[in-house]
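Q: So the chains spell out like this:
Number of protein chains: 2
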Amino acid sequence: MMNDNLVRMTKQTFALGIDIGGTSTKLALVGASGDIAKRASFSTADCADEHEFFRHLFEKIVEMLRGGVEVKGIAAGAPSANEQQGTIENAANLPFSPKVELVKTVQERFGLPTQLVKDSNASTLGEWHFGAAKGMKNFMLITLGTGLGCGIVANGQLLGGEYGHGGEAGHICVVPNGRACGCGRFGCTETYVSATGLKRTVFDLMANTMTDSPLRSKSYMDMSSRHIFEAAQSGDALAKKTFEMTGEVLGRAIADMAAWFEPEAVVLSGGLAMAGDLLFLPTIDSLERHALAFHKGHKIKVLPSALGENDAALLGAAALIWNEHQVWVKGGVNKT
Amino acid sequence: MMNDNLVRMTKQTFALGIDIGGTSTKLALVGASGDIAKRASFSTADCADEHEFFRHLFEKIVEMLRGGVEVKGIAAGAPSANEQQGTIENAANLPFSPKVELVKTVQERFGLPTQLVKDSNASTLGEWHFGAAKGMKNFMLITLGTGLGCGIVANGQLLGGEYGHGGEAGHICVVPNGRACGCGRFGCTETYVSATGLKRTVFDLMANTMTDSPLRSKSYMDMSSRHIFEAAQSGDALAKKTFEMTGEVLGRAIADMAAWFEPEAVVLSGGLAMAGDLLFLPTIDSLERHALAFHKGHKIKVLPSALGENDAALLGAAALIWNEHQVWVKGGVNKT
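Respectively, the protein sequence lines represent chains A and B. Reading the first sequence from the start, the letters are residues 1 to 336 in the working numbering. Reading the second sequence from the start, the letters are residues 1 to 336 in the working numbering.
Careful: at least some of the hints might be erroneous.
The list makes no distinction among identical chains, and a pair is therefore deemed to hold if it is satisfied within one copy or across any two copies.
Claimed, not checked - With a straight-line Cα cutoff of 27 Å, these simulated DSS-like cross-link-like pairs (lysine-lysine) come out: (1) 38 x 299; (2) 299 x 99; (3) 218 x 240; (4) 240 x 38; (5) 72 x 241; (6) 299 x 199.
By construction, these hints were calculated from the structure, which means they are not laboratory data.
Work out the full structure: start from the sequences and follow the hints.
A: This is how it looks when you write it as structure tokens:
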């Protein structure tokens with residue numbers, strides 16, 4: 001990390017990337033090649049409302065800009081972002097009013113070009129410009145956390161959908177009449193493939209097999225995907241079977257996705273993707289078995305994120321400042 | 001239809017559209033607004049090889065151009081088209097050698113700009129420029145014939161996939177471990193939703209229910225989707241149930257598709273789509289039940305093709321001449 005003096009000395013120009021999450025908000029000065037010169041963060045969860053949030057955010061931005069740092073623009077990734085309006089709307093995990101004018105508020109305060117992008121799109125831009133999908137024209141990012149997030153680049157463009165809700169890969173029906181999903185439907189991808197899905201599979205296996213496991217002594221509330229990962233690493237059969245079943249569903253979902261989009265690669269990120277071979281091997285095996293004839297022979301690559309789990313969205317937001325993107329907007333194409 | 005004199009008199013400029021199918025090859029002089037001035041066709045099936053095919057094709061083109069008709073370019077839609085190479089490769093239903101140089105051969109003979117596009121993309125271009133999806137930026141065409149064909153426009157571009165095999169909606173797994181598919185996998189969309197899928201559902205219902213039906217007197221070989229359609233129209237319970245089950249699967253597939261792409265509309269074409277309400281009503285009902293929250297309220301339109309069943313590909317090929325399209329090509333974007 002460069003210190004303030006160094007930043008001043010080099011007179012490098014930066015983009016200010018912001019990653020707004022339910023737990024914390026992170027900021028970074030990002031160079032054109034994705035190098036991070038300075039970081040800051042504060043707790044979003046501790047903010048009472050958007051006013052307190054903006055107070056903290058402005059403080060941190062002022063800190064970032066101290067010493068005459070040259071900044072080309074500010075861009076933020078956030079959940080429930082309305083990219084067209086520059087607002088955050090009905091964000092379930094942020095302590096905000098139903099509609100928060102993020103772009104307008106930041107722009108008025110600092111007089112810098114300001115942009116807002118959905119968090120999943122921010123991570124996708126990060127992988128695209130600085131990570132595992134660098135230079136690709138067709139790829140998909142799947143983020144495996146509590147749920148399953150997704151961003152799609154097709155024909156060299158972020159795919160937004162007609163009303164901005166495209167890329168909901170977590171809510172494809174992979175098992176008709178399967179597990180109940182938070183979205184009100186059944187059998188959605190994320191009920192099987194996510195940290196929560198992993199736990200549900202453990203409980204399914206405990207119910208339906210006789211396999212012994214130390215996981216049987218944990219309650220549903222107490223069990224985390226980390227427990228399952230650690231059990232699998234120490235050779236526990238039930239935990240290993242859980243990862244195999246998760247990879248089986250994920251590989252099949254990717255095979256179907258490839259039938260639609262035919263990406264060059266699928267990048268897996270998020271906590272669950274850190275399980276490495278435990279998840280990747282059964283996923284790649286299942287994809288190969290379920291793939292269409294012209295996708296067999298490992299034509300669709302499955303890659304781990306090349307960015308730190310915490311940096312993809314931050315870097316992706318900054319990439320918005322460094323690169324021109326055509327973002328589809330109802331009624332025309334907006335250059336951003 | 002205009003006659004030769006009229007064509008000559010008006011000195012209108014045309015695009016020459018060609019639709020190469022396994023049974024017949026159709027040609028038309030198409031004006032900029034999709035008006036067809038002159039038609040011709042010949043039997044593809046009767047051609048012994050590509051040499052005979054080209055002989056017939058050239059004859060018809062010469063006929064079309066007679067009297068000094070001004071033609072801006074020639075474009076053909078064909079199965080197994082390699083759009084990048086301008087070749088038709090390993091076409092199962094054409095009497096061709098493994099690789100036929102269509103663009104080169106036609107271009108050398110007539111000295112006119114010549115293009116080749118996959119048949120499914122040709123129909124998609126037809127609906128986009130002259131049909132039900134006119135002016136849309138995000139839509140999908142589903143063609144229900146013997147199989148299920150598909151073309152996707154996202155962000156205002158034809159979606160081709162990294163290697164030109166995108167949009168294989170017929171081979172999404174809608175029922176894990178379901179019906180065996182010609183592609184070697186199981187539970188693919190087209191094993192349920194197509195003329196063949198409809199027949200398979202009738203046979204499933206005859207096996208698993210006691211419902212009486214005149215369809216029980218037909219063999220698998222003798223039964224066509226038209227028999228099922230006619231039985232349903234005259235009130236046969238088994239045939240009606242068959243359409244309901246087909247719409248149920250199609251609606252669920254569209255709901256999933258909308259989670260990926262969020263199109264403004266899905267256009268249904270092909271023989272099975274001619275069944276009208278029998279297919280559309282259960283499809284729309286199923287889509288509404290399976291749709292994500294933000295797609296409920298009939299946000300994703302399901303529309304019948306606005307072009308004659310036989311004209312979509314013909315008009316779409318011509319649209320290639322009338323309009324600039326960015327077609328994704330590995331290594332760059334080609335203006336065509």
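Q: Against each hint, give a clear statement of whether it holds in the structure.
A: Each hint, compared with the structure:
With identical chains, the CA atoms of residue 38 and residue 299 are never at most 27 Å apart, being 39 Å at best within one copy and 44 Å at best between copies. For the identical chains of this complex, residue 299 and residue 99 are inter-copy neighbours only, at 23 Å across copies versus 43 Å inside a copy, given an alpha-carbon limit of 27 Å. With identical chains, the CA atoms of residue 218 and residue 240 are at most 27 Å apart within one copy only, with a shortest distance of 17 Å there and 51 Å across copies. In this assembly of identical chains, residue 240 and residue 38 lie within 27 Å of each other by CA distance neither inside one copy nor across copies; the values are 40 Å within and 66 Å between.
Neither within a single protomer nor between protomers do residue 72 and residue 241 lie at most 27 Å apart by alpha-carbon distance, with minima of 50 Å and 62 Å respectively. Taking identical chains as interchangeable, the C-alpha atoms of residue 299 and residue 199 are never at most 27 Å apart, the minima being 31 Å within one chain and 34 Å between chains.
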